[in-house]
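With the hints as constraints, model all of the structure from the sequences given.
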Amino acid sequence: MVKDSLLQKEYELGFTYTRSTGPVVGKFLTGLKNRQIFGNRASDGRVIVPPMEYDPETFRPLNDFVQVSDAGVIESWCWVSKPRSSHPSAVPFAWAMIKLDGADISMIHHIVTNEQNRVVTGARVKALWIDQPVGFISDIRCFVLEED
Amino acid sequence: MNIDICIVAFSQSACVAQAGAANEVELIMPQLEAVYGQVGISNAQDVDFVCSGSCDYLQGAAFAFVAGVDALGAVPPIQESHVEMDAAWALYEAVLKIRMGHAESALVYGFSKSSPGELPVVLSQQLDPYYLAPQWIDSISLAALQARLMLDKGIIKASDMAAVVASSRRCAMDNDKAQLAGQFSISDLLEEPEYVSPLRKADCSPISDGASAMIICTRSKAEEWQVPFVRLSGIDHRIETHNLGMRDLTTSHSTRLVAEALSIHNSSLDIAELYAPFSHQQIILEQALELQAETEINPSGGVLAGNLMMASGLSRVGEVFNRIVAGEAERGLAHATSGPCLQHNLLAILESV
Amino acid sequence: MDNKNKEVIDAIEAPIYLKYKFTAGLAPARFLSQLKQGVLTGQRCPKCDNVYVPPRGSCPACGVATEEEVVLGDKATVQSFTIVSIPIPGNPIQPPYIVANLVPDGANISFIHLMSECVNEEVRIGQRVTAIWKPREEWDFAMDNIRYFKPLDEPDVPAELIGHLSVNGTEN
Numbered sequence: 001m002v003k004d005s006l007l008q009k010e011y012e013l014g015f016t017y018t019r020s021t022g023p024v025v026g027k028f029l030t031g032l033k034n035r036q037i038f039g040n041r042a043s044d045g046r047v048i049v050p051p052m053e054y055d056p057e058t059f060r061p062l063n064d065f066v067q068v069s070d071a072g073v074i075e076s077w078c079w080v081s082k083p084r085s086s087h088p089s090a091v092p093f094a095w096a097m098i099k100l101d102g103a104d105i106s107m108i109h110h111i112v113t114n115e116q117n118r119v120v121t122g123a124r125v126k127a128l129w130i131d132q133p134v135g136f137i138s139d140i141r142c143f144v145l146e147e148d
Numbered sequence: 001m002n003i004d005i006c007i008v009a010f011s012q013s014a015c016v017a018q019a020g021a022a023n024e025v026e027l028i029m030p031q032l033e034a035v036y037g038q039v040g041i042s043n044a045q046d047v048d049f050v051c052s053g054s055c056d057y058l059q060g061a062a063f064a065f066v067a068g069v070d071a072l073g074a075v076p077p078i079q080e081s082h083v084e085m086d087a088a089w090a091l092y093e094a095v096l097k098i099r100m101g102h103a104e105s106a107l108v109y110g111f112s113k114s115s116p117g118e119l120p121v122v123l124s125q126q127l128d129p130y131y132l133a134p135q136w137i138d139s140i141s142l143a144a145l146q147a148r149l150m151l152d153k154g155i156i157k158a159s160d161m162a163a164v165v166a167s168s169r170r171c172a173m174d175n176d177k178a179q180l181a182g183q184f185s186i187s188d189l190l191e192e193p194e195y196v197s198p199l200r201k202a203d204c205s206p207i208s209d210g211a212s213a214m215i216i217c218t219r220s221k222a223e224e225w226q227v228p229f230v231r232l233s234g235i236d237h238r239i240e241t242h243n244l245g246m247r248d249l250t251t252s253h254s255t256r257l258v259a260e261a262l263s264i265h266n267s268s269l270d271i272a273e274l275y276a277p278f279s280h281q282q283i284i285l286e287q288a289l290e291l292q293a294e295t296e297i298n299p300s301g302g303v304l305a306g307n308l309m310m311a312s313g314l315s316r317v318g319e320v321f322n323r324i325v326a327g328e329a330e331r332g333l334a335h336a337t338s339g340p341c342l343q344h345n346l347l348a349i350l351e352s353v
Numbered sequence: 001m002d003n004k005n006k007e008v009i010d011a012i013e014a015p016i017y018l019k020y021k022f023t024a025g026l027a028p029a030r031f032l033s034q035l036k037q038g039v040l041t042g043q044r045c046p047k048c049d050n051v052y053v054p055p056r057g058s059c060p061a062c063g064v065a066t067e068e069e070v071v072l073g074d075k076a077t078v079q080s081f082t083i084v085s086i087p088i089p090g091n092p093i094q095p096p097y098i099v100a101n102l103v104p105d106g107a108n109i110s111f112i113h114l115m116s117e118c119v120n121e122e123v124r125i126g127q128r129v130t131a132i133w134k135p136r137e138e139w140d141f142a143m144d145n146i147r148y149f150k151p152l153d154e155p156d157v158p159a160e161l162i163g164h165l166s167v168n169g170t171e172n
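Chains as they are written, first to last, in the working numbering: chain A, 1 to 148; chain B, 1 to 353; chain C, 1 to 172.
Derived by calculation from the structure, the hints in this document are not laboratory data. No experiment lies behind these values; they were computed from the predicted model shown. Worth double-checking, as some hints may not be accurate.
Covered stretches of chain B (in silico footprint by chain A; criterion: 3 or more residues with CB under 8 Å from a CB of chain A, positions within the stretch not fixed) [stated by the list, open to error]:
id: 1; segment: 114 to 127
id: 2; segment: 131 to 139
id: 3; segment: 197 to 206
id: 4; segment: 241 to 247
As a list, the in silico DSS-like pairs of lysine-lysine whose alpha-carbon atoms are at most 30 Å apart [stated by the list, open to error]:
id: 5; chain 1: C; residue 1: Lys47; chain 2: A; residue 2: Lys82
id: 6; chain 1: A; residue 1: Lys82; chain 2: C; residue 2: Lys19
id: 7; chain 1: C; residue 1: Lys4; chain 2: A; residue 2: Lys33
id: 8; chain 1: C; residue 1: Lys6; chain 2: A; residue 2: Lys99
id: 9; chain 1: C; residue 1: Lys4; chain 2: A; residue 2: Lys99
id: 10; chain 1: B; residue 1: Lys153; chain 2: A; residue 2: Lys82
id: 11; chain 1: B; residue 1: Lys201; chain 2: A; residue 2: Lys9
id: 12; chain 1: A; residue 1: Lys126; chain 2: C; residue 2: Lys21
id: 13; chain 1: C; residue 1: Lys47; chain 2: B; residue 2: Lys221
id: 14; chain 1: B; residue 1: Lys157; chain 2: A; residue 2: Lys99
id: 15; chain 1: A; residue 1: Lys9; chain 2: C; residue 2: Lys134
id: 16; chain 1: C; residue 1: Lys6; chain 2: A; residue 2: Lys27
id: 17; chain 1: B; residue 1: Lys201; chain 2: C; residue 2: Lys19
id: 18; chain 1: B; residue 1: Lys153; chain 2: A; residue 2: Lys99
id: 19; chain 1: C; residue 1: Lys36; chain 2: A; residue 2: Lys9
We treat Cβ as the ideally placed atom computed from N, Cα and C, and that holds for glycine.
Structural data, given as structure tokens:
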């Protein structure tokens, strides 16, 4: 009888999918490629960013696109002092719910700053774009604090 | 047709940080044996329907849920189903099966082998695949954003969150299945450093391996088996939009809707077992359910004392069952959740007979 | 996908990579540890007596835990097979080659392995084969310690007896 042993092996699972965007997500991602941010208007008039395909209350398709600013206000945030290897920032950063100017719904992205104490609810942030946007959520490299 | 659904057996493994070598079959089998023993049957052939809840991404083993069927004794073939959700939703499916008259009895189980992966990161991939999943925002960070909203609005204070943790740890001292237990004061807990601010590590449920199983049946079957049983008098669930920005994260709209559907508000409840993976979420649930002062909350310690992802919801129902069978309660509420920031919520009412 | 030159985005590459520390399971770990010693083992069901290889810790037919370890021989019987004629990406073996369901003597279910040193067109159900192991120094916790199975000069096993031979290759 061989002694029971804990056999372990590290491995990585990859799901290398290509995802169709459909027209609504496609409009948003196409906007990012041009350094523009689009939302769309819900049945109650609120501007949703990023845009949704269906109204969560009436379930009707949403087509009324609205361009919003790439700057806005922190609605909520949390500070990640030890980023995980999968996180978009290797240095400590904040996840945040950000309400862009012209939007009524906040979007989730991250803020990189070395002034942690300035990351507070209500602070203003703006998008920092990558050099050559490709039409992906990470075209916004991160948000940064606006100057006082 | 109104068919009374009864719970006749429940068993749960200990919550452990690392179940070692045990695979899904080896995790499930002891719990199945335990519930068979409680009813006096020998295997899954002796029930009409089997439904399980699990998620293969937790352990990174494709079709682990199919491999789990090896624990059942499925020769000759059995009626079997699976939900890629907490097993509380497998219970829901089993209830429907019995209510429709397609079965008189059902075995329900859930298993969790979360230790092989990085659970908070694995859960990031259940988010919307265009805007959120590619950002890899983990489940703890999302809960932290929710807690911040509550703190900013003055709905809770950090000490309220610590009080939830202290209560969980204290109750868990009487729960030999718990992973985390002990006497902690609120000030002890608040002295701990922030983990993903505003959350401290103690505000987050631990990651646990284990399994739980339950047998339910019609009232006549329960009487035939001559075992103590508890009536499952109501079960229902609601889900909210995946768009976190569109939800009011400081409350649980879906929980409130289920509570209304089941007429829970202002009804008498001796105990409530709530699936709150983060301390502030227990407060959200207590408020949405409008629980009264006489209702004892999470006497087991809840999931802050041990969280079997994909089985903890079923275990909440099981904990209430155990206490009613033991005569410690007459009527109780069990809650299960799924998705980020309490997106999807299920409630079950259990009553003594 | 190259979205650089697209005016309207209609699809994205969104790869997901997740890291795990896979654990083999108690029964598979025992099986693999024995395999590292050059021994093929199964586990017997205490209820129906069937021997499973590779063992998973339970009898899937009876739903009971299996504990008793059974040492199996190197000889096996072809239960089914296919001739693979197309290259499989990432597979170093050149087609055409044989993949077969093989029941080792003493076991009641088959596992899948390769056959070689055979005439592909003459491979048949009931054919007797034996394991060809890699050199001892290459043995690991892996099924490919057995490089492949090759035909034996033994009479075929009648279909109804496949999966019912004792570890000595005799009828149970």
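A quick look at each hint next to the structure:
1. 114 to 127: holds (count 4)
2. 131 to 139: holds (count 7)
3. 197 to 206: With 3 residues closer than 8 Å to chain A, the segment 197 to 206 of chain B meets the three-residue bar; holds.
4. 241 to 247: The restraint on the segment 241 to 247 of chain B holds, since 5 of its residues have a Cβ under 8 Å from chain A and three suffice.
5. C/Lys47 with A/Lys82: Since the Cα atoms of C/Lys47 and A/Lys82 sit roughly 52 Å apart, the hinted pair is violated (cutoff 30 Å).
6. A/Lys82 with C/Lys19: Holds, because 18 Å separates the two Cα atoms, which is no more than 30 Å.
7. C/Lys4 with A/Lys33: 9 Å, holds
8. C/Lys6 with A/Lys99: 29 Å, holds
9. C/Lys4 with A/Lys99: Holds - the C-alpha atoms of A/Lys99 and C/Lys4 are around 28 Å apart, at most 30 Å.
10. B/Lys153 with A/Lys82: Judged against 30 Å, a Cα distance of about 27 Å means the pair holds.
11. B/Lys201 with A/Lys9: 28 Å, holds
12. A/Lys126 with C/Lys21: 39 Å, violated
13. C/Lys47 with B/Lys221: Distance ~27 Å between C/Lys47 and B/Lys221 Cα, so the pair holds.
14. B/Lys157 with A/Lys99: Measuring from Cα to Cα gives roughly 24 Å; hence the hint holds.
15. A/Lys9 with C/Lys134: 22 Å, holds
16. C/Lys6 with A/Lys27: 12 Å, holds
17. B/Lys201 with C/Lys19: Holds. B/Lys201 to C/Lys19 sits at ~23 Å (cutoff 30 Å).
18. B/Lys153 with A/Lys99: Status holds; Cα separation ~17 Å.
19. C/Lys36 with A/Lys9: 16 Å, holds
Of the hints listed earlier, those the structure fails to meet are numbers 5 and 12, in rising order.
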